[in-house]
Amino acid sequence: MANGAEKKKKSAASLFFEALGKGFKEVGVTFIEGDIKTKLSFLIFGLGPILRGQILIGIALLCSEVLFFYYMAGFGWQYLSKFSTLGTVATKKVGRKTVYGDNSFLILLFGVLCIFAIIAFIAIWYINVRENRKEELLLKQGKKLPSNKDVFLSLFDKNFHKTLLSLPVIGIFVFTVLPIVFMILVAFTNYDKNHQSPSNLFTWVGLENFKNLVSFSGAGIGGTFLQVLLWTLVWALFATFTNYFLGLAVAMLINKKGIKFKKLWRTILVLTIAVPQFVSLLYVMKMFANDGLINGYLIKWGIIKNYIPFWTDPMLARITIIIVNIWIGIPYMMLIATGLLMNIPEDLYESARIDGANPWQMFRSITLPYMLFVTGPFLLTQFTGNLNNFNVIYLLTQGKPQSVNLAEKAGYSDLLITWLYKMTVNDTNYRMAAVIGIMVFVVTAVISLVVYNMLPSVKDEEGFQ
Amino acid sequence: MKKKLVSVLMTAAMGATLLAGCGSQEAAQTATETAETVAETATEVAETAQDTAQEATEAVEEITDYGTGDIKVWVADNVVDFTNEQIKAFQDAHPEFSGYTFTVEAVGEGDAAGNMITDVEAGADIYAFAQDQIARLVTAGALEVVEDSNAEAVKAQNDAGAVGAATVGGTLYAYPLTSDNGYFLYYDKSVVKDPSTLEGIIADCEAAGKNFYFEINSGWYQTAFFFGAGAELTYDTDDSGNFTKCNSTYASDAGVVALKKIAEVASSKSFQNGSAVSNATNCGAIVDGTWDAQAAKDMFGDNYACAKLPTFEGADGKTYQMSGFGGFKLLGVKPQEDDNKLAVCDALAAFLSSEEVQLARYNAVGWGPSNLNAQKSDAVQADEALSALAEQLQYTIPQGQYPGDYWTLATSLGDSIISGEIKADSSDDEFMKALTDFQTTCESYAQ
Amino acid sequence: MKSYKTKRAIGNAVGYIILILISIIWLFPFVGLVLQSFRSYATEYGGMVDYLVPKHFSLDNYKFLFDSSQTNYLLWYKNTIIIAVFVSLFQTIIQLCVSYALSRMRFAGRTFLMRFWLVLGMFPGFLTMICLYFLLKQFGLTQAGAIPGLILVSVASCGMGYYVCKGYFDTIPKALDEAAMIDGATRSRIFFTMIIPMSKPIIIYTALVAFMAPWCDYVFASYVAFGHDTSYNVAVGMTRWVWTNDYQGYFTRFCAGGVLVAIPVTLLFMFLQKYYVEGVTGGAVKG
Chain E
1 MANGAEKKKK SAASLFFEAL GKGFKEVGVT FIEGDIKTKL SFLIFGLGPI
51 LRGQILIGIA LLCSEVLFFY YMAGFGWQYL SKFSTLGTVA TKKVGRKTVY
101 GDNSFLILLF GVLCIFAIIA FIAIWYINVR ENRKEELLLK QGKKLPSNKD
151 VFLSLFDKNF HKTLLSLPVI GIFVFTVLPI VFMILVAFTN YDKNHQSPSN
201 LFTWVGLENF KNLVSFSGAG IGGTFLQVLL WTLVWALFAT FTNYFLGLAV
251 AMLINKKGIK FKKLWRTILV LTIAVPQFVS LLYVMKMFAN DGLINGYLIK
301 WGIIKNYIPF WTDPMLARIT IIIVNIWIGI PYMMLIATGL LMNIPEDLYE
351 SARIDGANPW QMFRSITLPY MLFVTGPFLL TQFTGNLNNF NVIYLLTQGK
401 PQSVNLAEKA GYSDLLITWL YKMTVNDTNY RMAAVIGIMV FVVTAVISLV
451 VYNMLPSVKD EEGFQ
Chain L
1001 MKKKLVSVLM TAAMGATLLA GCGSQEAAQT ATETAETVAE TATEVAETAQ
1051 DTAQEATEAV EEITDYGTGD IKVWVADNVV DFTNEQIKAF QDAHPEFSGY
1101 TFTVEAVGEG DAAGNMITDV EAGADIYAFA QDQIARLVTA GALEVVEDSN
1151 AEAVKAQNDA GAVGAATVGG TLYAYPLTSD NGYFLYYDKS VVKDPSTLEG
1201 IIADCEAAGK NFYFEINSGW YQTAFFFGAG AELTYDTDDS GNFTKCNSTY
1251 ASDAGVVALK KIAEVASSKS FQNGSAVSNA TNCGAIVDGT WDAQAAKDMF
1301 GDNYACAKLP TFEGADGKTY QMSGFGGFKL LGVKPQEDDN KLAVCDALAA
1351 FLSSEEVQLA RYNAVGWGPS NLNAQKSDAV QADEALSALA EQLQYTIPQG
1401 QYPGDYWTLA TSLGDSIISG EIKADSSDDE FMKALTDFQT TCESYAQ
Chain G
2001 MKSYKTKRAI GNAVGYIILI LISIIWLFPF VGLVLQSFRS YATEYGGMVD
2051 YLVPKHFSLD NYKFLFDSSQ TNYLLWYKNT IIIAVFVSLF QTIIQLCVSY
2101 ALSRMRFAGR TFLMRFWLVL GMFPGFLTMI CLYFLLKQFG LTQAGAIPGL
2151 ILVSVASCGM GYYVCKGYFD TIPKALDEAA MIDGATRSRI FFTMIIPMSK
2201 PIIIYTALVA FMAPWCDYVF ASYVAFGHDT SYNVAVGMTR WVWTNDYQGY
2251 FTRFCAGGVL VAIPVTLLFM FLQKYYVEGV TGGAVKG
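Those sequence lines, one after another, are chains E, L and G.
Yeah, the first sequence ends on 465 if you go by the working numbering, and it's all consecutive.
Yeah, the second sequence ends on 1447 if you go by the working numbering, and it's all consecutive.
Yeah, the third sequence ends on 2287 if you go by the working numbering, and it's all consecutive.
Derived from the structure by calculation, the hints contain no laboratory data.
Here the structure is a predicted model, which means the values were calculated and not measured.
Hints should not be assumed to be uniformly reliable.
Here are the computed distance ranges between Cβ atoms for each label pair [as the list claims (entries may be wrong)]: (1) G:THR2043 / L:ASP1437: 45 to 51 Å; (2) E:VAL446 / G:THR2111: 17 to 23 Å; (3) G:PHE2112 / E:SER147: 28 to 34 Å.
Under the rule of at most 25 Å between Cα atoms (straight-line distance), these lysine-lysine pairs were calculated in the DSS-like manner [unchecked claim]: (4) E:LYS158 / E:LYS143; (5) E:LYS39 / E:LYS25; (6) E:LYS158 / G:LYS2174; (7) L:LYS1155 / E:LYS93; (8) E:LYS256 / G:LYS2174; (9) G:LYS2055 / E:LYS300; (10) E:LYS134 / E:LYS25; (11) E:LYS92 / L:LYS1088; (12) L:LYS1088 / E:LYS193; (13) E:LYS149 / E:LYS162; (14) E:LYS193 / L:LYS1072; (15) E:LYS97 / L:LYS1341; (16) G:LYS2174 / L:LYS1297; (17) E:LYS193 / E:LYS97; (18) E:LYS193 / E:LYS92; (19) E:LYS140 / E:LYS162; (20) E:LYS144 / E:LYS134; (21) E:LYS262 / G:LYS2063; (22) G:LYS2137 / L:LYS1072.
What the simulated footprint calls covered on chain G by chain L, stretch by stretch (three residues with Cβ under 8 Å from a Cβ of chain L suffice, anywhere in the stretch; the number is not a length) [what the hints assert, rightly or not]: (23) 2036-2047; (24) 2081-2087; (25) 2205-2216; (26) 2224-2232.
For each residue, glycine too, the CB sits at the ideal point set by N, CA and C.
Based on the provided sequences and hints, a complete structural model is requested.
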């Protein structure tokens, strides 16, 4: 994952190795030049600091070492040792009773956790060595070490960020990083409905799932994948820009001089943000059904003879989704535009008017450039958000209509994300879901990186201040 | 004397288990080769110990202490109260199970299988499900084989179709609950004059501006046309729920007749895809099952009527009777790690699927029994919807096992018709091509 | 001059017509929802119909929702409120902490952390559902414990959504901090006594957004709570009424339930709309 960040600077790899070499050198020097306290600290974390009176730091280091060994010995090792096979003991019957064998899922999950624990252990060991080195050097220079109280208080001043960030970082690690690494690994296993823990084992299969993704013959899903990907991109483009321009238009209309009850109009529009989507979208879904309210009234009034297949015709379903999305999305853009439009200096328009510009020209040459410049990053996040816009698609069509021409139960209105969801929940086809998930990431990341670097308003982050 | 021997055996067995337990724990903590061998022997010892322990338990069946535990039961929302009452009766009749607490949760028959497969451990101990899920559940290890004596009783007391539906390979995996998962026609008497032909029904609906509901994008309802025209689609399974062979004749003249007819029906302006009364508006006739009987009565009011499925006239000029699946609801027991708990689950599942309870369930919520004696009771015989179903069942085939992929494939086929990818005026070759693709894909599900 | 006035009048009239049309389109589904909720499932019909106005108005659907012997709706409602309140509280606190650290302090690994989180955010959330489920299960936070479980998952990952809040902090001049530090104030003192009191709009915005999200959480909530009716939230409980075949004729009850969910959330939103606008506008510009 760090790749994304690393790629930005080409020299990142060499920098990394340079730092690594420096680290090794420092460790070596510390050991050779260190006193007995330091040398012992190489095995017993924090011993040096404790003996030098840095109780707090010492105990924290020691605790992490104890915790690590406690975890590995009591719990982690039994999973890590089976990591290479993901378990070999099959579930069996003893009489009528079931005796479950290895649980591949837990082996993979806790195996990953163990690997992280080992990395963290090495990192803490390194911190431990450096802390010893730092203290020794300070003492050699005849300076005093900071008191325990100072160390503690620095957590609220100089080191306040450590206090603030420790919980969120741990939370993100356990509930985001760990699961993501886990699911990336699942893409290389055969974990699916026929290999379901705890009754059945699953195991590593290398790149087989990725081969399936790019296989266009027979049971391969390559063709379907491309079709779903294409619709995902088309959808995101339409959803983003229709909302953007229509939202802007509505905002300008309401902002127009001479229009009264501005607040009332805005409040009516904003309803779609306020009402939970599972209520509003499910109702709209029923409304547009073949036998729903809209068709019912249109037929009753004699406007049409046969119902309009809003959700069952592939093309119409896609169009209807985009239109309903306008209903959901315009208000959001309208709110943003309303605030920003007021920031445009009125005299710009005034002088344009004196030059004889008509409203359209003024929009083209003043309003639009300004808005596009200011909201560039917003457009990008909207676009990537729409790539993964689950709610609108799922609550309206659940990806339907399906077709014999699409593999793996994909439908014509499926986005990658809804397809992934159906694979996970309906089919428990985790192996392919993981592959699709990785693809979603790749698509999002590539688009974000390319577009982000093209944005005019992207400057040095500090420049905002 | 016998008792004493048993207790000696049991002590020995327990001691062995304890030892084995310690051994395997130590083994887990050290990582040498010797440890592995120790672990292996330890497991072996444990196994033999368990075997002995089990023989011991069997030997002292009469005085068994069933211990304590929680048993979770999943049934559809509308029978939760009913099931609670029955479980109470069960507890009263079996004081030896007093250590167990029972909880009933509302999980629909559709969701139950999915949830069980997601996490077997957190799933219910006993759960009701529709039979089309059984193979999937067996593969995922979510169904325990029905205990031998119960299995004999189930086979003797329930109709053959229901027993077949609960069997995978040659093994009975579930207890039949109902035999009413089939479909037939509900219609509005004031709209449909003669429900005996499909063409007539559609014409009547069109004339009255009413909708005719048939869920053609469901693999379950579709077969009414295919089987009716004489095409076949069945699967063979082995004991562990894997599909070994697909017997399909969809890519045939009979298949073309059926698919063409489906496309023709779908092109009617009164046609609506669907099979749920509550989602139906302006409905003249609907093909649906007994579970919707009450809703259909509410919807049609005084004009409520039911009939077997109609006949249809194929493109070849012949008349075919619509067929379809006869389906069943089943009750399954999850594999257990504890013999005693399994025994309690077996007993409860047998009780909940017994003749009396099936009959009581019919009286409470109107579900048609699979038990032969219950089917003969006067109340069941007099039920309008159930008799329409009974009439229809003569033309259906009992639903066997189908892979989960079949259902979605069938949905895709139906969707392709609804969306006009396959049109009523397509050529026979186009129909044949769609059906050949369909059949090939169906065959690919069997290994 | 006169033609300018008429032109303007015509322009305004067209504007009003468009606005009225838009309003009708926007309100139509909500009016429909409310009207359907008054159609009795007992005496009229509880499923779908192709007419809008019920033949008789009745409160049967609402009575049903409040009758705990027939449905757990009130319990689901309570669950959702609990989740929303706690998520809102903790999420606000965590995002404030993260934003302050990233906006005000410079430390080793800061840019790396921000980039890393940005990249993490590009992975689709549903991918990790099964893993999160089993993680929570290890702590006993699924099924019966689903409510604390859902709170934990929402709160644990929310640190990554610091953008809007950090953007706001970035606009508070750094000179203020520096002046306070010269006076001997610690970082934590600055945070608690200076920055937080100045951040009322962004605090309200963060809390509001966090409060509204759980009302819509169907996907993960249904995955974590399956098979345990009493730990559903409203979205999970009620969505079944629309989709599953076990609930024939529950459509009007869904409408009524939807109305009851929408009212408080909408009122809260309308009440705090000003702060919401400030938040999204700021967030849009900062990116």
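Check each numbered hint against the structure and report the violated ones by number, ascending.
Those not satisfied are hints 8, 11, 12, 16, 19, 21, 24, 25.
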